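Chemist: With these hints in hand, go ahead and build the complete structure from the sequences.
Number of protein chains: 2
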Amino acid sequence: MFEMEFFRPLSTGFLSLASDRLIDYLHQTENGLPVTTLLPPEGLRRAYTEGGIPLGLEDDQNAEAPEKLLEAMRLTLQYSTCTSHPLFFNQLYGGPEPAGIAGEWLTVVANTNCHTFEVAPVFTLVETEVLAKLARVIGGPYSDAHDGLFVPGGSIANIYGMHLARNRADPEVKRRGAVGGPHLVAFTSEQAHYSYLKAVALTGLGSDNLIGVACDDSGAMCPAALQEAIMAVKGEGKTPFFVGATAGTTVTGAFDPLEPLAEVCREHGLWLHVDAAWGGAALLSRKLRHHMAGCEQADSLCWNPHKLLGMPLQCSVFLTRHAAILKQTNASGAAYLFQPDKLNAEYDLGDKTIQCGRRPDAFKLWLAWKAYGDAGLERWVDRSAELAEAFARKIEGSKGAFQLVMQEAPFNVCFWWVPPQLRPFRPDQASAADKALLSKVAPAIKEAMQHKGDAMIGFQPLRDAPNFFRIVFAGAKLLKDCCLDDLLHQMDDYGQHLFPAQCNLDAGEI
Amino acid sequence: MFEMEFFRPLSTGFLSLASDRLIDYLHQTENGLPVTTLLPPEGLRRAYTEGGIPLGLEDDQNAEAPEKLLEAMRLTLQYSTCTSHPLFFNQLYGGPEPAGIAGEWLTVVANTNCHTFEVAPVFTLVETEVLAKLARVIGGPYSDAHDGLFVPGGSIANIYGMHLARNRADPEVKRRGAVGGPHLVAFTSEQAHYSYLKAVALTGLGSDNLIGVACDDSGAMCPAALQEAIMAVKGEGKTPFFVGATAGTTVTGAFDPLEPLAEVCREHGLWLHVDAAWGGAALLSRKLRHHMAGCEQADSLCWNPHKLLGMPLQCSVFLTRHAAILKQTNASGAAYLFQPDKLNAEYDLGDKTIQCGRRPDAFKLWLAWKAYGDAGLERWVDRSAELAEAFARKIEGSKGAFQLVMQEAPFNVCFWWVPPQLRPFRPDQASAADKALLSKVAPAIKEAMQHKGDAMIGFQPLRDAPNFFRIVFAGAKLLKDCCLDDLLHQMDDYGQHLFPAQCNLDAGEI
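For the record, the sequence lines run as chains A and W.
Just so you know, the first sequence maps onto residues 1 to 510 in the numbering used here.
Just so you know, the second sequence maps onto residues 1 to 510 in the numbering used here.
Hints are supplied without guarantee of correctness; some may be wrong.
No copy is singled out in the list; a pair is fine if it fits within one copy or between any two copies.
Claimed, not checked - Pairs of lysine to aspartate or glutamate, EDC-like flavour, derived with a Cα cap of 16 Å: (1) 133 x 60; (2) 133 x 58; (3) 399 x 170; (4) 234 x 267; (5) 440 x 341; (6) 327 x 172; (7) 133 x 59.
FYI, nobody ran anything at the bench for these hints, they're computed from the structure.
The structure presented is a predicted model; accordingly, all values stated were derived computationally and were not measured.
Modeler: Printed below as a string of structure tokens:
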């Protein structure tokens, strides 16, 4: 009477069909699928309805046949943005890598949590091993002692950094709470990721107590400005406790100068956390790791192998050189889960986290690391920087049609397509009208490329610079030299068409 | 010169091989794989070394051949705890469901984030649709207005509830921080999940300001005790702001009485959050949803379809009936990501979260809901309760060998195997020595079952009750009636062998 067949309209045979189609899709991404099939929400809804499996869940939803589910999967792949497309440059992540996919698919099937050794013996050891390897890659004090976790994204990792720092600065906070404690103040650069802002909101520190420190022209935090900001806060009788540095800023890709920042932090007894979500990959390259110099002096750092290294989302590492502090800060000792009288309880990782269940995100990176080896990963990282460099040289060789916003960083190139009448564009001398015109260019070209489905590149304004494109070479996408030339030709064509030489602001409003 | 073939030691052909093996593994889980192959860490390391692919990442790690990677995958499945095994009852999750697996595998291949519509058009709409369906299932004010997110686990969802509640109680906290603000106090039951403790640590509220409210014998929070606790806190001049209720406690499966709790919260203007991570599934059953009565009056709630409903980890919903508050609390308006001048920007979900990247966890649930329909999911949930009921009756029919710790909850059965000389076991009359003996029984029987690999059931102590087993019927595992009889026979055999009638405390120390 307890047969559960009833509950399983789908067998594992369905999984065979589904996985075949997923693998076919990955093949196609290398052979001319559009990067996006641009439909507004109502168009998407129509496509699913016409496919016989509406997007909505009805009030009395029927069970659909397996063929309908396969059709839904097909439609979902067709209308999802194709991050594996060679010309998807819109985000700091890209095509997922096959070993990473296989590793992730395995964790889905194994379906367990890295909270206790007894339900995740292999994943627990794999996580420990990957963290140990990364600690050795960082070197310095991390080779002697470290602790860490794979966490759900870089923002959460930055929250961990701030959370641990507060607990070191105010050991009573875990029990007493912030009310009645010291008035703590955190520092980060003006160009740091917005997750620091989320972190001060969530932890109850407050955005008034997050000081944005000035950056140089490249977008890197100025140590002298940090020193000044700390002195000013001390002068107000408040307690500086945390500096959130960035190694590879989101937009310009700048690396904060970690050695001088670490020196300032040591002088004032502040916790230095490095958000290396994007730039941490430089550690794997002998040519590029100088950008991370000083990171071994940081109290904690994060790195997202799901960004440059093409691990399927999510794959985020948090590491600290303070071996006991994760447990001190987060342990709650839940009796139902971390029973000391069960086997191998001393290997349980779960009491160190802010979560309970936690995915075994280390496994895919472990498998990929075994697939590539140190040399393969190094080559990958170097390649990303070489592509950025080559792309920047193409921009410089474009006779003014394209223009670098600033000198390129190792992994980021920021550039404009400049309408003919604004060439060469000089931000410091440009009129408001010129800036208003230029600010319309990137959205318009991007939209045209999205409609055509041939490429996606992100744009954004920054300080006084009107909207500009940012290109990065993330993920495991196939990419040929001619692709980049073709891309620039296309963008130039769109630019010329949308912003002809005589266009004015009105004409730019398309 | 930009060919990227070099970077891909693995082709999608590898994925075909890998997925075939994963599907084979799922087949085997239904046909006699051990639930666990118990090896200590050093034994696991030896197994991988003997398999030619050591667990460690070397200082100069070589690239391994694809066959080695497949061998690593095989070993990982072999030595991972098999949560799909019919007799894996160790956690509130179990075997993953095929539609859920297919949906999750697709999201791995699509590899994108639910932060902006432009990179996740389908996933954004799917998330919106699933949340809307759930809001209608909850009913009441949720039918009119709601907002929500899929988040990385129930603990994070509980953190969201507390975070939003604080921002409602103290709208200045986002800017000013907690220092200088009201002295806020939260309430939850003594038997609530430990994530509430993590939440007060992370948000800076402090464990002193989390009051554990007394429960009745079933483990449900007493509204009168809550009322008293609130009055006491007010008497101290502090500000109660949040009640964290539980629908389906982790150990006993108790449902807090939500209607009277909601009334107390209304009276005092407190935010009521319901942690329905486990018990929320009752909403899908006409027979069982009365356990959730009053949940529609909650300000927020969470539910984990990766628990009872067998979605692959992670699949956690956070919902609130306050449509604007997620954005008010979490928005940072990052210019580089949420550009208002890109297409369809108004559909972006990302600014509402504490993350930046966020996995499209709604998709697998959407696909499974289409596969099962409302009726199929209802049958699943009912079945889980029927199995619990049937199991409890078997315990009662065991002539004293097994004994219920308390009356069973809809989805949880807590029980002892009682050594002959302690039968019937009466906790209130038992000596310390008797309790000490009984506390050794569950760990010993569990260990024996782990060594043999035939079943895994969790145990824990609670209040005065010595270690007892908790069984739950989670996930999409195949399960036959005879399995449960066999299980009880096995446990009884182990018990009789390990704790013969004449055993005393010393003999029990195995």
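Chemist: Evaluate each hint against the coordinates.
Modeler: Okay, the hints, checked on the actual structure:
{"no.": "1", "hint": "133 x 60", "in the structure": "between (52 Å within a copy, 10 Å between copies)"}
{"no.": "2", "hint": "133 x 58", "in the structure": "between (49 Å within a copy, 7 Å between copies)"}
{"no.": "3", "hint": "399 x 170", "in the structure": "neither (57 Å within a copy, 56 Å between copies)"}
{"no.": "4", "hint": "234 x 267", "in the structure": "within (13 Å within a copy, 43 Å between copies)"}
{"no.": "5", "hint": "440 x 341", "in the structure": "between (65 Å within a copy, 9 Å between copies)"}
{"no.": "6", "hint": "327 x 172", "in the structure": "within (15 Å within a copy, 31 Å between copies)"}
{"no.": "7", "hint": "133 x 59", "in the structure": "between (51 Å within a copy, 7 Å between copies)"}
Checked against the numbered hints above, the structure violates only hint 3.
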